[in-house]
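Novice: In case you want the letters, here they are:
Protein chains: 2
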Amino acid sequence: MKLLLKNGFVVNVFTGEIEKQNVLIEDGVITGTGGYDNSDADIVNDVSGKYICPGFIDGHIHIESTMLLPCEFARACISHGTTAVIADPHEIANVCGTDGIRFMLAASENIPMTVYIMLPSCVPATNFDEAGAVLEAEDLNSFYKYPRVLGLGELMNYPAVVSDDEKVMRKIKEAHRSGKIINGHAPKLTGRELDKYIAAGINDDHECCSSDEAIERIRKGQWIMIREGTAARNLIDMLPLFDAPYSHRCILVTDDKHPADIIENGHIDSIIRKAAANGKSTVTGIQMATIQAAQCFGLKGVGAVAPGYAANLLVLDNLDEIKINEVYYYGSKVCENGRVIEFESPVISGPLRESVLSSFRMPVLSADNFMLTPHTGKCRTIGVIPGQLITEELFFDIDFSINNGIDTNRDLLKLAVCERHHNTGHIGLGFIHGIGLKQGAIASSVSHDSHNLIIIGASEEDMAIAGNRIREIGGGNVVVKEGRIIAEMPLPIAGLMSDQSAECAASQNYKVRNAVYEVGVPKDIEPFMNMAFVSLPVIPSLKMTTMGLIDVNRQEIVPLFED
Amino acid sequence: MKLLLKNGFVVNVFTGEIEKQNVLIEDGVITGTGGYDNSDADIVNDVSGKYICPGFIDGHIHIESTMLLPCEFARACISHGTTAVIADPHEIANVCGTDGIRFMLAASENIPMTVYIMLPSCVPATNFDEAGAVLEAEDLNSFYKYPRVLGLGELMNYPAVVSDDEKVMRKIKEAHRSGKIINGHAPKLTGRELDKYIAAGINDDHECCSSDEAIERIRKGQWIMIREGTAARNLIDMLPLFDAPYSHRCILVTDDKHPADIIENGHIDSIIRKAAANGKSTVTGIQMATIQAAQCFGLKGVGAVAPGYAANLLVLDNLDEIKINEVYYYGSKVCENGRVIEFESPVISGPLRESVLSSFRMPVLSADNFMLTPHTGKCRTIGVIPGQLITEELFFDIDFSINNGIDTNRDLLKLAVCERHHNTGHIGLGFIHGIGLKQGAIASSVSHDSHNLIIIGASEEDMAIAGNRIREIGGGNVVVKEGRIIAEMPLPIAGLMSDQSAECAASQNYKVRNAVYEVGVPKDIEPFMNMAFVSLPVIPSLKMTTMGLIDVNRQEIVPLFED
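Protein sequence lines correspond, in order, to chains A and B. Residue numbering for the first sequence follows my numbering, starting at 1 and increasing by one per position. Residue numbering for the second sequence follows my numbering, starting at 1001 and increasing by one per position.
These aren't lab readings, by the way, just hints derived from the structure by calculation. Note that CB positions come from ideal geometry on N, CA and C, so glycine has one too. None of the hints are false.
Simulated crosslink set (SDA-like; lysine to any residue; CA at most 25 Å straight-line):
no., chain 1, residue 1, chain 2, residue 2
1, A, K523, A, Q439
2, B, K1196, A, S332
3, B, K1323, B, N1337
4, B, K1002, B, E1336
5, A, K180, A, F143
6, A, K2, B, S1163
7, A, K2, B, G1191
8, B, K1438, B, P1522
9, B, K1300, A, R177
10, B, K1167, A, E26
11, B, K1180, A, R177
12, A, K180, B, S1142
13, B, K1188, B, E1556
14, A, K173, A, L105
15, A, K511, A, L357
16, B, K1167, B, E1556
17, A, K20, B, D1212
18, A, K196, B, N1038
19, B, K1020, A, A244
Partial chain B-side listing against chain A, Cβ under 7 Å, derived:
no., residue
20, F1014
21, T1015
22, G1032
23, I1198
24, G1201
25, P1245
26, G1308
Start from the sequences, fold in the hints, and give me the full structure.
Specialist: As structure tokens, this is what we get:
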């Protein structure tokens, strides 16, 4: 089947030029650009006055963070022009190990968007945590043969690279031996340590928060991923990178993106739009999101409107606003008038389905699980800072005579992180300040990076109810008030992803996030966002895992009470 | 061993910036750039006031055309900053088949220059010729496993690609299946046919003679190789490509380069210098010759001064003139004060050596072999155009009563192309005009692309003497006058390469080229250059092979006499 897109203004990502051209497509591939006419094609689509550019590529995303299955993620993003993403299934791998990677590969098969996979490099994130799996080099190696597996995902354990840690270096070596890419993640690393990290063959970085930080890396040969997601938003600080001589070494990524944010604002298109609104060239943004993403990952035959390239194309009503009318994926129209054309979702059955649907292995909880033995001395307490992932280490005197120490007047709530992968019954228990709950409890199975069950409450009974509900539904976010579930968002797939559409997931998520105000949380706090990072012991300062409190800076387990 | 290059102005090929920096090298690899000091290194080389840039890469060369073995080629080019070449052993493969490829791989092992190999894609060049070998896809496949083999060499049989020729498409498919690059060669191809050629996955082109021709290809995704060799010189016409938005898709190549030209003018350095003399940026030239060449071929870890990159570095006294003082190859100094440090030449013994040293399989020649049966009618004659590879088809009346038709007054000489690979005794025989010999004979075993023995003479006896001498010494260029060899350049390796140094080869070549004037050739004709292409039936108009005269435009064998 030969398709001719006629009279469009084609964005040439090799030169940045825009030329009126006809584009001939055969069997999913662009076979010609230039003076073709109706007689060359079976189907002619006259796009006079419209623009044609390559489909967008998100260079780094954790699809699990959208809480959507890959097919639902695709349904949400295709209309925004995304035809490929490079996904690191780091979250599901922390829960389900290699089954999680296999699931994401299977769940993204034959959908109208290419989901390339980077193998999670750091599972678990640290030794101070109990993840669902431990992935060593030998667990990963068998995946390099998959054509969609491009390499080793963000190597956030940069101290291990700098100190030549044997296990991590073996993962790096194996990726290189397979001719693959290694993504970086090394915020603030500079000078000698950065040199050592880059010399190990780390291709890129997506953690830069300033253009100076990025320029140092570009000069040293790394690609820079300009990140603009739901939580981390670096675009404004990175705007200088849209100019020569740096722009050609940058690509665009979202990293983490919530479903409502996709629906309301878009995906990669929204980054290009925002850069343009800030005075930068739309064409430069398109180059970053297409051919440069392909170059960054060594992908051949995608990311350009040129002979031999995949016919992953966007037809835009308007270039400046990236107003997308049609999307073609390997020559098939997958979005028309801004609406995604229906496609079949991959069906996953058998043991793989079982594995991701039965990821909760933990005992039933009772209020007793959250009772602390009264103790004198200063209590080491996690201090949440609104809108930030870092926490403070605070100290409080606890009065155990009332409510086993819970004191909503001083915003001292119980915090529990319950191991949920191996039925160990391990619970890290303590206090948290800065969430603002006046009653009830909130709980979630999205709890980076090990995704144990995290519960915060003003009542141990409600904490047990919240935790048991999540255990019962196999994962999710829950709000409990006066012994009753008042809102829930089921995340049955590994406790991380919904099996619903983006709209439905966004709506459930919205309800859960609003329900927290009914249990007293002030409007300026988004507790689920903070809660998701309270157990991640690679971000300072004080965090809670199933093994207890962790001083992140010292990388040690620390006692609840300072005697 | 840690080496510090201190206080140099480093050319950053990623950004085009020049920064004063210290460069730390460990075990052949750059491990740091920036604030390193003496305490970091075992050896410190203070290069204050000098420039540091990556070693140059020639993106397309036939080493055989230098008439030098790879080690001698390296000795000639290292001082000009060349640390890598991408070589297509097309000439020796036409003589020795896969043994020729194996020989070039072995002969370039462990020399202080990386010789990457592209597999000759078109052996023989056409079906109207008798080469030493026929290379099919299956002959090439086993070579893709060699790390230095980057892909399939210049696919000059572009009509076969455009017409989906099965054998050629199989070669393309196998190269892609192995994840390799395919070099292009398609002069003047444009529009639809160019689209078809590029869509087949042809990476680049080095045959562009105008910037317009090149820009069409850049827009369609090809890399452009700006060629400036000894014969074909395209730089001046390609100067617009040194500017944005095209320069980042171009690299520099020599294709064919003679030893005297290397000695007198240099190699890739001379192209950058010439571009600079014509007002273009030296840094742009360096970018083309380094990181961009690496990108064009998908080479990782070469072509930049950055952590993790091979320490293939040049120390320049002066940037504008590319005055090279030191050259480092994987951290070892291989050139100092402009002099190449001695290294061992690869020793090749056994059957491979035998194969390339005994490439002549043909009977002894006598004057009788060059006698034509008298014939009336117009004689189809090759008309040489000075300084060009294309020829004219001329017609002469021949008077066979004197000298069997040779008529030096009308510059009508005998031309013979003698099959020399398979002992068939085939001789293509006819007349040539435009060489200017008044007596004697000249002969050569460098005769593109099949490299049969080509002889031009004013005397059949001298033609036999010249041809037999070349047969005796296993290849070379010879000038005969009055029954005596007056100059010769032995090319014992496959009849293509000298076993001497570049200086010696250049001197022998000079003597041979001058000796032609003693047999009457006018000073404005360089007969060996013309002779080398008289038997190449892919360049118009009339050519001679062992099978007789070929009308190149019609791609047919044509009779000597028009009846």
